[in-house]
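Visitor: Sequence:
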Amino acid sequence: RTLADLVSLQESDLLKFRNFGRKSLSELADVVVQNGLLFGMNVEGYLRDDEKKND
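Residues in the sequence shown are numbered consecutively from 470, following this note's numbering.
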């Protein structure tokens, strides 16, 4: 998995993962925001051609 896979998810989706709670989400959100990213963002424009999903 990649960072693009992670930020393409909503925060509510992340909380559904086993052993991933609010504290984990808060810590991860800090890192995501520090890197100029947001949860739920469209990452298509940032992917290399070999990373783009085949539709």
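Treat the hints as calculated values from the structure; they're not laboratory data.
It is possible that some hints are incorrect.
[Said to hold, decoys possible] Distance ranges between label pairs, derived from CB positions:
| id | residue 1 | residue 2 | range |
| --- | --- | --- | --- |
| 1 | Arg517 | Gly490 | 24 to 34 Å |
| 2 | Gly514 | Arg470 | 13 to 23 Å |
| 3 | Arg517 | Lys492 | 24 to 34 Å |
| 4 | Asp474 | Gln503 | 32 to 42 Å |
Positions of the beta carbon are idealized from the N, C-alpha and C atoms, including for glycine.
Visitor: Each hint should be assessed against the structure and marked as holding or not.
Guide: So, going through the hints one by one against the coordinates:
| no. | hint | in the structure |
| --- | --- | --- |
| 1 | Arg517 <-> Gly490: 24 to 34 Å | holds (33 Å) |
| 2 | Gly514 <-> Arg470: 13 to 23 Å | holds (19 Å) |
| 3 | Arg517 <-> Lys492: 24 to 34 Å | holds (33 Å) |
| 4 | Asp474 <-> Gln503: 32 to 42 Å | violated (19 Å) |
This entry does not satisfy hint 4, going by the numbered hints stated previously; all others are met.
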